[in-house]
Amino acid sequence: MPEIFIDNVRYEFEGKPLVLQFMLDHGLDHPFFCYHPSLSIPANCRQCYVEAGTPVFNRETNSYELDESGERVIRFFPKLMTACSLEATDGMVIKTHRTSALVERAQKDTMEFILVNHPLDCPICDQAGECPLQIQTYKYGPEGSRFEHKKVHKPKRIKLGPRVILDAERCINCTRCVRFTEEISKTHQLTIISRGDKNYPAVAPGTEFDDPYSLNTVDICPVGALTSSDFRFKARVWEMNQTPGIDITNGKGCNIDVWTRDNVVMRITPRYNPAVNDHWMPDFGREDIRRMNENRISKPEVLLDGDRIKSSWNNAELNFTENLAGLESNEILVIGSAFSSVEDNYAVKKLFSTLGFNHQVFVPNIKEGSGDGFLIDDDQYPNTNGCRLLGFEELTSEKLTLLLSKGNFKMIVSLEDDLVGRGVLNEDLLKEPYFVYMGSNHNKTSALADLIVPIANSVEQSCSYVNSSGRIQRTTAAKETLYTNRRLNLEMSVGRLDRYGTKFDNWVTDRNRIDCIPAWDFIERVATNLDKQTGYESASEIMDEIASVLPAFNGLSYDRIDDELGVQIIGDVSKVTSA
Amino acid sequence: MSETFEFTKEELAEIDKIKAKYPDKKSPVMPVLWLAQNKFGHVEPEVQQLVAKTLDIPAAHVYGVVSFYTQYYGTRKGKFVFDVCTTLTCQLCGGYDILHHLEDKLGIKAGETTEDGMFSIQSVECLGACGYAPMMQITNGVYCNHLTKEKVDRIVDDLKAGKMPEFEQIPFPQHQNESSK
Amino acid sequence: MSVDWKNFEPVLLPKIPVLHKIDVYEKNGGYDQLKKVLKDWTPEKVTNEVKAANIRGRGGAGFNAGLKWSFMPKPDGGPRYIAANGDESEPGTFKDRQIFEYNPHLFIEGAIIAGFAMSITAVYVYIRGEYKDWIDMMQKAVDDAYAKGYLGKNILGSGFDIDMYVHSGAGAYICGEESSLMESLEGKRGYPRVKPPFPAQKGLWGRPTTINNIETLANVPLVIKNGAEWYTGIGAKNHPGPVLYGISGHVNRPGVYEYPTGMSINDLIYDVCGGVRGGKKVKAVIPGGSSTPPLRGDQLEGVCMDADSLRTAGSMMGTAGMIIMDEDTDMVDVLWRISHFYHHESCGQCTPCRDGTGFLEKTLIKIRDGHGEMRDLDLLLDLCTQMEGRTICALADAAAWPVRYTVTRFREDFEKRVKNTVYALA
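Residue numbers (this note's numbering), protein chains in the order written: chain A, 26 to 604; chain B, 144 to 324; chain C, 17 to 442.
Treat the hints as calculated values from the structure; they're not laboratory data.
One or more hints might be untrue.
Calculated lysine to any residue pairs in the SDA-like style (CA-CA distance at most 25 Å, straight line) [to be verified]:
{"no.": "1", "chain 1": "A", "residue 1": "Lys223", "chain 2": "C", "residue 2": "Asp413"}
{"no.": "2", "chain 1": "A", "residue 1": "Lys211", "chain 2": "B", "residue 2": "Thr197"}
{"no.": "3", "chain 1": "C", "residue 1": "Lys378", "chain 2": "B", "residue 2": "Pro316"}
{"no.": "4", "chain 1": "C", "residue 1": "Lys204", "chain 2": "A", "residue 2": "Lys176"}
{"no.": "5", "chain 1": "B", "residue 1": "Lys164", "chain 2": "C", "residue 2": "Gln155"}
{"no.": "6", "chain 1": "B", "residue 1": "Lys162", "chain 2": "C", "residue 2": "Lys204"}
{"no.": "7", "chain 1": "B", "residue 1": "Lys164", "chain 2": "C", "residue 2": "Arg391"}
{"no.": "8", "chain 1": "B", "residue 1": "Lys160", "chain 2": "C", "residue 2": "Phe176"}
{"no.": "9", "chain 1": "A", "residue 1": "Lys175", "chain 2": "C", "residue 2": "Lys253"}
{"no.": "10", "chain 1": "C", "residue 1": "Lys432", "chain 2": "A", "residue 2": "Lys133"}
{"no.": "11", "chain 1": "C", "residue 1": "Lys37", "chain 2": "B", "residue 2": "Pro314"}
{"no.": "12", "chain 1": "C", "residue 1": "Lys156", "chain 2": "B", "residue 2": "Asn288"}
{"no.": "13", "chain 1": "C", "residue 1": "Lys253", "chain 2": "C", "residue 2": "Arg223"}
{"no.": "14", "chain 1": "A", "residue 1": "Lys133", "chain 2": "C", "residue 2": "Val210"}
{"no.": "15", "chain 1": "C", "residue 1": "Lys378", "chain 2": "B", "residue 2": "Asn288"}
{"no.": "16", "chain 1": "C", "residue 1": "Lys169", "chain 2": "B", "residue 2": "Val285"}
{"no.": "17", "chain 1": "C", "residue 1": "Lys241", "chain 2": "C", "residue 2": "Arg223"}
{"no.": "18", "chain 1": "B", "residue 1": "Lys164", "chain 2": "C", "residue 2": "Lys253"}
{"no.": "19", "chain 1": "B", "residue 1": "Lys162", "chain 2": "A", "residue 2": "His213"}
{"no.": "20", "chain 1": "C", "residue 1": "Lys204", "chain 2": "C", "residue 2": "Arg223"}
{"no.": "21", "chain 1": "C", "residue 1": "Lys204", "chain 2": "A", "residue 2": "Glu194"}
{"no.": "22", "chain 1": "B", "residue 1": "Lys169", "chain 2": "C", "residue 2": "Val210"}
{"no.": "23", "chain 1": "C", "residue 1": "Lys204", "chain 2": "B", "residue 2": "Ser210"}
{"no.": "24", "chain 1": "A", "residue 1": "Lys104", "chain 2": "C", "residue 2": "Asp413"}
{"no.": "25", "chain 1": "A", "residue 1": "Lys211", "chain 2": "C", "residue 2": "Glu202"}
{"no.": "26", "chain 1": "C", "residue 1": "Lys241", "chain 2": "C", "residue 2": "Glu389"}
{"no.": "27", "chain 1": "C", "residue 1": "Lys156", "chain 2": "B", "residue 2": "Val285"}
{"no.": "28", "chain 1": "C", "residue 1": "Lys211", "chain 2": "A", "residue 2": "Phe30"}
{"no.": "29", "chain 1": "B", "residue 1": "Lys164", "chain 2": "C", "residue 2": "Lys164"}
{"no.": "30", "chain 1": "A", "residue 1": "Lys179", "chain 2": "A", "residue 2": "Pro144"}
{"no.": "31", "chain 1": "B", "residue 1": "Lys169", "chain 2": "A", "residue 2": "His213"}
{"no.": "32", "chain 1": "A", "residue 1": "Lys176", "chain 2": "C", "residue 2": "Met390"}
Input sequences plus hints: build the corresponding full structure.
In structure tokens:
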């Protein structure tokens, strides 16, 4: 196998890797700015210098030439090479800053030039704390500045579009944002304008950067030049906890990181998954923080003489069980939800199946033609395939309306799905029966419920979803509810504030913890009241059970989903129908 | 009332001819910008949009190109633009004197336009006429070589009278040298 | 040793009136070489002859043109291009425009022959946008050549097709750099490309491309006509041929002169150009455009205009655009202006050039305005080290060399400025 020597250590490689990516893949730290693994390589920041050489091959003897001490003769390139654009070849020798004073100096030199026109405003810059320029300046930068002149002044606080703001002075002209709009989102909305040190990115005059993927440019900007108008000045990076999750605004199921501070979701960023969303996600998925934080149902609510009042969990359970008592099998309609997780749907379905209530349906939310073939899917819900695999009957709006108007349902149990709000049902159909709504946010459907059960949402519990291409992926709790605790739930991330914050800190309160529990947990409580308890203590146990009883889920576990960044469980999505 | 910018049928035919010279649709942007600038006197954003639309290429790309090349007028300039070369040889041979003379004469600084919109002055980089320094170019067109203050005065007066200086053919000195031998 | 130049008859720009007209050009043997090549020669023969003639690129790099042609891969049926570089933006350079004006068909004939040698489908002639009048002249010449059947389909019944298009730049020095020129031809911002891939593999529109200077291609018909041996007999041994010297600055008769390579700089100044204005002494000479290191006036004895001699003297041939400065010249001012030029023209792609050129200029302004300190001179040299060889194209080097060599070779001018500051006294 071909070999390469980096700082005197031998590595083997396959194919034609680029030296920088190869080093990063092998855990070797190396400074760079403009390179991005999913974009073309302009090699313009000139930061990833290495010394590179190749062994001298003697065609006559068909062997490498050796020097007196028996070592291969290495012919080094006359100039320093940028590792990002350098293809590895067999026998190549690379010297980085760890072994070459020249490289170390060159990296410092480039850093000095970058900083010449970069404002020293880290204390008020959103990027501080996660800024490649800041980090690399600490690690590889010069000690001080020799630049005693005026910096180039450029426009600040330019609203490039509805979601992205530019500070042109901070820009280091890596062109990642421009390349993103040219190569990934393909809207071609950005360009670099002007020339030399007056360069900066811009949109054409009279247009705006309304690319549905525009916020990805903020993620890949290696400095604080592009910031999110939504997140700007809201939180310092080191105050937040970062937890892996799944974007549930869409059937695609982009992998995300959920950033919370004091149990408020501050922002969402894409998490790398080459099989799903690479490094990207659509902008509207990030706006989901509103659903996570605002308009939440906290504490159960019951309808008492026409008034909606907050109630206790005990009372909610009691109400639920009492209304269930004595109903015939065709008098209960269970409406699963493609918006809810596999586990919640499964727990609901299992209980009612055990009780003999088999009207179990769901209505998908697919808007044909609304997708873009990239990361925006026609399917508006994250778990349509999950519902199908669990065996909920798939109904259209018309069929559900027919069922409700013809049937004689005394009780309807619905998992979070705003059926009225999205026009599936007319509200009159829900008025007669005893209507239980299990959801996280108030909406037009919950407003009609006789009993509202507040359930934990996708960032308050571990749960999984089967996306529109048949891949199961899961979330982790990012945000505490009234009943969860970071220090006890080892899956939850514990940040600096959680460790060191005190009650006297601005950012440490309990007011953002919602009084809710996972739907499966509530169902389990009801089941216990009915002596049908299963003993579930966590979503991962439910997944283990699903894996053992449903063939499509065979062999799955949270560990496996984590290890493999999600598991493809459906080969051909077009063949999936409700079991 | 806002101006509208459009190409005539003849110009569109001319653009089709330009397009035929290049294998892709992005490449003709420079000649088409030239055509637009020659017609409208500038390539302000509205004209850039027109060019982008005509060629079916992103407007941002056109903007990037316009702002990269110094000869495209992304903002309106005077009717006559004096591009006074001040680089190296012209600097050595008095290019700055010419520039300052012109500035004094017109009462504006380099980079500015006279109030009546007649003249703009720019201090520009080497125009490739080093042997004939100091020199300037008028509105991306004719070269005026071997400038003196008097010659500059004459040019300004002529322009005011609507007379553009003519192309100066500078004899090849070697031919002259030998003929004089 | 200087070459015999006094008996040299110009061949690139011969003394024939109105030679730019195609009829006159034809009457004087024009396009005969093309006819000869198309009729009797193979492409390999052309390439080999040109390679043997050792025409060294007249755009600045001085690379053997025929050798460059031989890097083109075998034709695969797809389009292949020549980009003829008439950007000519290096300060001190104004030679190609003489070809456009006085002998455009020599270039056209050369480009077609080169096209035949490399199985080219189209030649793009890139001319800087400022040369509006010369672009028109060139366009006229190309139109005439089309009308006479030297360009287009089935040239002179040979079955060989080639097109030629004139493309106007729009004011960007960087577009004289070959990969930037290609970007500009493709309608983009002139950002130089990372090599590899080299233009011969992936050039214009991703196809094999050779970039040659206008003057380089104009030499081709002469080589075909007279043979490589004749050509190598002209001028300096390792850098032969006639060359267009563009001489400007403080001389009595500035202009473009055609003489063999290897002319002594002193001959050019004193005999060809009639000496320095006002009979002054030469303080400095920039031999080949503003990026080539300046030579001191007292170091000129025996220095000749060819690659070897200039390398020994510590400079380069570049474009042979010589700038002569007399004894009253202030080198601080001159260097500042050169630095301003490169600062203005840096495309802004690579960090060391984008921010380094500005750093250099701002430091030079500080010195020029009398605020400089001795340490600024060391800083300048240090910045040069930080820029040289660290960027995609050579603009950073072009910006750094004049600074490095002006500061070291004319240090007294700089020390005089900085010593007068309060900082130096403190």
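Going through the hints against the structure:
1. A/Lys223 to C/Asp413: Holds, at roughly 20 Å.
2. A/Lys211 to B/Thr197: 20 Å, holds
3. C/Lys378 to B/Pro316: Violated, because 39 Å separates the two Cα atoms, which is more than 25 Å.
4. C/Lys204 to A/Lys176: The hint is violated at about 28 Å.
5. B/Lys164 to C/Gln155: 13 Å, holds
6. B/Lys162 to C/Lys204: 15 Å, holds
7. B/Lys164 to C/Arg391: Outside the cut-off at roughly 54 Å; violated.
8. B/Lys160 to C/Phe176: Holds - the C-alpha atoms of C/Phe176 and B/Lys160 are around 23 Å apart, at most 25 Å.
9. A/Lys175 to C/Lys253: 50 Å, violated
10. C/Lys432 to A/Lys133: This hinted pair is violated, its Cα atoms lying about 32 Å apart.
11. C/Lys37 to B/Pro314: With Cα atoms ~16 Å apart, C/Lys37 and B/Pro314 stay inside 25 Å; holds.
12. C/Lys156 to B/Asn288: Since the Cα atoms of C/Lys156 and B/Asn288 sit roughly 24 Å apart, the hinted pair holds (cutoff 25 Å).
13. C/Lys253 to C/Arg223: Violated. C/Lys253 to C/Arg223 sits at ~35 Å, over the 25 Å cutoff.
14. A/Lys133 to C/Val210: 22 Å, holds
15. C/Lys378 to B/Asn288: 31 Å, violated
16. C/Lys169 to B/Val285: 35 Å, violated
17. C/Lys241 to C/Arg223: Roughly 31 Å between the alpha carbons, so the hint for C/Lys241 and C/Arg223 is violated.
18. B/Lys164 to C/Lys253: 41 Å, violated
19. B/Lys162 to A/His213: 21 Å, holds
20. C/Lys204 to C/Arg223: With Cα atoms ~17 Å apart, C/Lys204 and C/Arg223 stay inside 25 Å; holds.
21. C/Lys204 to A/Glu194: With a Cα-Cα distance of about 24 Å, the restraint between C/Lys204 and A/Glu194 holds, given a limit of 25 Å.
22. B/Lys169 to C/Val210: 20 Å, holds
23. C/Lys204 to B/Ser210: 11 Å, holds
24. A/Lys104 to C/Asp413: 12 Å, holds
25. A/Lys211 to C/Glu202: 19 Å, holds
26. C/Lys241 to C/Glu389: 59 Å, violated
27. C/Lys156 to B/Val285: 17 Å, holds
28. C/Lys211 to A/Phe30: Holds, at roughly 23 Å.
29. B/Lys164 to C/Lys164: Holds, at about 20 Å.
30. A/Lys179 to A/Pro144: Cα-Cα ~11 Å, so holds.
31. B/Lys169 to A/His213: 13 Å, holds
32. A/Lys176 to C/Met390: 22 Å, holds
The structure fails to meet hints 3, 4, 7, 9, 10, 13, 15, 16, 17, 18, 26 from the earlier list, while all remaining hints are met.
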